[in-house]
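Participant: Given the structure of chain A, go ahead and fit chain B onto it with the hints provided.
Protein sequences appear in the order of chains A and B. Counting in my numbering, the first sequence runs from 1 upward without gaps. Counting in my numbering, the second sequence runs from 1001 upward without gaps.
These are computed hints drawn from the structure, not numbers from a lab. The model shown is predicted, which means the values in this text are computed figures rather than measured ones. Don't take each hint at face value.
To be verified - Only pairs whose alpha carbons sit at most 27 Å apart, straight line, appear in this in silico BS3-like list of lysine-lysine:
no.: 1; chain 1: A; residue 1: K287; chain 2: B; residue 2: K1140
no.: 2; chain 1: B; residue 1: K1140; chain 2: A; residue 2: K215
no.: 3; chain 1: B; residue 1: K1168; chain 2: A; residue 2: K102
no.: 4; chain 1: B; residue 1: K1140; chain 2: A; residue 2: K284
no.: 5; chain 1: B; residue 1: K1130; chain 2: A; residue 2: K287
no.: 6; chain 1: A; residue 1: K215; chain 2: B; residue 2: K1168
no.: 7; chain 1: A; residue 1: K287; chain 2: A; residue 2: K102
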Amino acid sequence: MFRQLAARFGGPLAMAILGLLGIWLIVMVTLPQLQMIDYSLRPNLLPAQRGGPQDGWTLTNYATLFANDIHRAIFFKTLWSSVLVTLLTLAVSYPLAWYLAKVATPRQAALCILLLIIPFWINEILRTYSWFIILAFRGPLNEVLMMLGLIDRPIRFLSGDAGVMVGMVYAYILFMVFPVYNAIESLDDNQVRAARDLGAGTLRTHRRIVIPHAKPGIATGCIMTFMLAAGSYAVPALLGSPGSRWFTQIIYNWFFEGGNWNQGAAYAFLLLVLCIGFMSLVMKVFKVGLGDIAK
Amino acid sequence: MDGSVRLEEVVMRFGDFTAIDRTTLEIGSGEFFSFLGPSGCGKTTLLNMISGFLTPSEGQVLIGGEPMAGVPVNRRPTAMIFQNLALFPLMTVYENIEFGLEVRGVDRKARREASERLLALVALEGSGPKRIGELSGGQKQRVAIARALAVEPRVLLLDEPLSALDLKLRQHMRAELKAIQRKTGITFIYITHDQGEALTMSDRVAVMSAGRIQQVADPVTLYRSPATGFVAAFVGENNRLRTTLIERQAERVRLDGGALGELAGRVAAASRLARGDPAALYIRPEHLRPVEEGSAGPILAATLEAVHFEGAWVVLEARLDASGELLRVQLGHEVSRQYTDALVAGRRMRFGYDPDDAVVLPADGSPRVDEATGEVVEAGHV
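Bound-form chain A, shown alone:
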């Protein structure tokens, strides 16, 4: 790698590039993670006690999660809700990606993509707040629904999981649309035409031809959306209710309210393991390798 870079940019620049890469990977990624793992394996002690007889590696912090019914419930709820967010996002994104890739004219597609991207110029917190306003008990959505006569009294969108779901699907839709769009776009139009010509209807054409072809893109989108959903803090904090707490909020509490970094680190690490586990599962189910996803 050094030789290739040196041939292209010259020795000093190549050294600088590799040096920066190394610093980034080691100092900014690997070491902090190792530090976190170290934290998570030690008890929470007063500064004076550190290095004393009570200090040492233990799994107590990890055991806490399994001992605490509420935290465990929230952990699994976060897992389940993130899966749900992922499926909802896929359900919304797939037709959109299909439309962009195969139905729309290039002009329509460009316009549509622009309209999708513009809201993302705005900060995530602000976007989430705007949903907070839209979904509020006396907010515009309830007003419109009542005006149309669809409901008699306002709905409390923000008291259950609905608000969090809507907010997350909206926040992460691009991470699903683009990989799926890219995958569908590379499908030869004649494949779809051939399936139609052989008698297949719309559903079967998608199930047998388009989806198998778009599988790596769908897997990529699902993994990204799941990771972002499971690790989201702002959306559940703003649009959630006490009944729909996210595991990230518990971690936050350990760090910044409880002041127990060791416990927080253990929880954060468990969340990481969960995400990696989910990713491997999805890759296994979709039969895709890391190479397909990196495309």
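Facilitator: The following block gives chain B in isolation, referenced to the frame of chain A:
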């Protein structure tokens, strides 16, 4: 319901562009019918109207006597073989062939029996479990044929399916396609820009140009009696000489070739050419032969410019002494051997032809073949 196809007054427009001008055509059940024309002539548009991928702007398509208006692609009794074949790369050969049957709810056992039978028909026994990527070009071709035949179409539409193959394989597949068509009795509608394919396989050929059908005829008639200047120039090679009609006796005409002197040729019985009309005389390179001075019949004196040895024949490029036009002559082995020493550039030669082989068409607006590119240049409608 049989496999006949009828196009009734069909017109296809894309915006301001007319891809297919008002066309009426009847294709018989069990016929091997080809549309032949240069790219952009509208032949693929016609095919797409029959398969249902396009809806005609006007007129209608009937298959087996039934109007196809409103019948979607997946409900038509047609199957298409695509130019790039469009096999499903993530499926096995079996799955590809059985796809259409699976759609129709045929059970697994019957599907497998059908695909085995079709694999035998296209001589691919034992390839069922293979992936598409493991097949050679010719094998893919066969799978595409089997997949299309699996749905038992009444009409099989073929969109230049051989264009991706190399020459030898292409010639082999021509014979095979023709054999399969005979065996199955299905109507084949074949699209190609390759006249060799159209002439060797078809029962009838429609030559198309700029959205119009120029002539529909069996290959021999097409070659021997082209109806328009476009067909004369596009199918096979032709020398075109400008003349004026002097005298007509039924199908035989005497022509004034200007500086070339008196020439002769043959007109179609239905032709309205009359005395004094400008006429184009078409003489195929292979119908010209060297003759001695003073021999009977029309004689063209020319100076050789180039001699191309092409194996089975020799092609001469000669400049007509009287008019300066270029004449192409193709000599078979038997003839060229007699003239071995004479066939050098700069040599003056005389060429004669049988007037029965030379077709005469009205001269106005006839297209010609561009000498540099070999493309047919159209000069207005014929």
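Participant: Give a verdict on every hint.
Facilitator: Going through the hints against the structure:
1. Using a Cα cut-off of 27 Å, the hinted pair K287/A and K1140/B holds, with the two alpha carbons roughly 26 Å apart.
2. As the CA atoms of K1140/B and K215/A are separated by approximately 24 Å, the hinted pair is consistent with the 27 Å bound.
3. For the hint linking K1168/B to K102/A, the alpha-carbon distance of about 37 Å lies beyond 27 Å, and the restraint is violated.
4. Taking the CA atoms of K1140/B and K284/A, the gap is near 30 Å; set against the 27 Å cutoff, the hint is violated.
5. With a CA separation close to 19 Å, the supplied pair K1130/B and K287/A stays within the 27 Å bound.
6. Taking the CA atoms of K215/A and K1168/B, the gap is about 38 Å. The hint is violated against a cut of 27 Å.
7. For the hint linking K287/A to K102/A, the alpha-carbon distance of about 25 Å falls within 27 Å, and the restraint holds.
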